[in-house]
Amino acid sequence: MYSDPANKTSSRFDGLLADNTVLSALMVISPVIMCSDTLRNAEALIYAFSAITFISVILCSFVPRKLPYAVKVIIYAAIAALVYIPVKSLAQVTYPGIVSRVGIYFPLLAVNSLIVFRGESLFYGVKKARMITSLTFYILGFDAVMLVTAVIRELFTYGTFNSHMVDVSPTVSGLGMPFGGFILLGLMCGVYRKVRSALRPASDAEERKEGSDVSGN
Amino acid sequence: MFLVTDLLVLLGANLILVQALGISTIFVAAGNRKNLICTAMAITVFTTIGSAGACAVDSILPKSAADLRLLLYVIVIGAVYICILTGTYMLNRNFFESVRRYIHISAFNCAVMGTLLSISGRAYDTVGGIGFKGYILGGLEAGFGFIITALMLLAAYRKLNSSKVPASFRGFPAMLVYLGIISMAVFALR
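Heads up: the sequence lines are chains A and B, in that order.
The first sequence begins at 2 in our numbering and counts up by one.
The second sequence begins at 7 in our numbering and counts up by one.
Among the clues, some could well be false.
[What the hints assert, rightly or not] Here are some chain A residues pointing at chain B (derived, C-beta under 8 Å): (1) 73; (2) 74; (3) 79; (4) 83; (5) 92; (6) 94; (7) 111; (8) 126; (9) 148; (10) 172; (11) 176; (12) 179; (13) 200.
Since the hints were derived computationally from the structure, they do not count as laboratory data.
From a predicted model like this one, the values you see are computed outputs, not experimental measurements.
The beta-carbon is built from N, C-alpha and C at its ideal position, and this holds for glycine as well.
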């Protein structure tokens, strides 16, 4: 399911399409389901996720790799929680009202699995330049999904685009609810897989084989 | 009747179906019964003990320093994480080897951190707070909610992963849609 930086076939651009942060790796999925009902929310979350993840992963890459795994995980989470403080302060100025509307999902961005768990295998074993490019594309992967989900949900839930009225009828109010987020994300995940298998048939056939193994258990 | 009411309350406050927390973990855990039980147990332990720690943090943290809450929660969960790892290691090496992966998965899970933040928010919104007991019950409730949803997912896991489902939608996409439908039913009950 995840790309391995040591694997020569994995690319530094994987985070955007081949191993998308949300649709493939299923990371940071809760804010997308719960808070991506308007473009304004999405902008605030994209800003927070991008800033916190980028700075935290860069800082975490300096943590000695010889430390025990549990200690490293705690340090990574603590670094992200520290980075969260100035990011939140800036968000309260830039996106007034959104931070309180997003609620617990704003701080939860700081303890996302891309920083706390996956960073170790995705970013820390490679050179800094490659790490930064790869990290940027993983962040862009989340940003793209967040943006697309928010546009679809805002358009079909409220009939607006970035708070401007658009002639869409009929609107589906349930799409703005959490269950609407689940269903839409599930459908997007399926479409994403279809597109990916069309672009990379060999690797996807392998994944499908793995999937059938699971069902056969 | 009380049991039905309690079940509805648990479903209504469910951290996965209502708050979308811990989804990727439950997908991994639903793969087999042992994984499911161990992960659900580990998450319940973390949410319950973590809630006690969150209660302590909330009682000493002044409002002016509210931004430090997340960092302090991370320290609390980190301490619980180390204590549980050390405790199981001292108790029995074989037991430690068999459960440590579940402890690693559960510690900094967003289900755990999200539960602490939710309970803290609930305490803040309630006049007079919810007290230590309220925090502990909130943690336990979240753990049981996770178990209930995991059981629902386990029931459909094979079918959602079977070859009858189109390849692109097999597995996670189908499970997300399935959870969405259950979530819709839960919202109707609320």
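Against the structure, the hints come out as follows:
no.: 1; hint: 73; in the structure: 11 Å, violated
no.: 2; hint: 74; in the structure: 6 Å, holds
no.: 3; hint: 79; in the structure: 5 Å, holds
no.: 4; hint: 83; in the structure: 6 Å, holds
no.: 5; hint: 92; in the structure: 11 Å, violated
no.: 6; hint: 94; in the structure: 14 Å, violated
no.: 7; hint: 111; in the structure: 6 Å, holds
no.: 8; hint: 126; in the structure: 19 Å, violated
no.: 9; hint: 148; in the structure: 19 Å, violated
no.: 10; hint: 172; in the structure: 17 Å, violated
no.: 11; hint: 176; in the structure: 11 Å, violated
no.: 12; hint: 179; in the structure: 6 Å, holds
no.: 13; hint: 200; in the structure: 13 Å, violated
The structure shown violates the earlier hints numbered 1, 5, 6, 8, 9, 10, 11 and 13.
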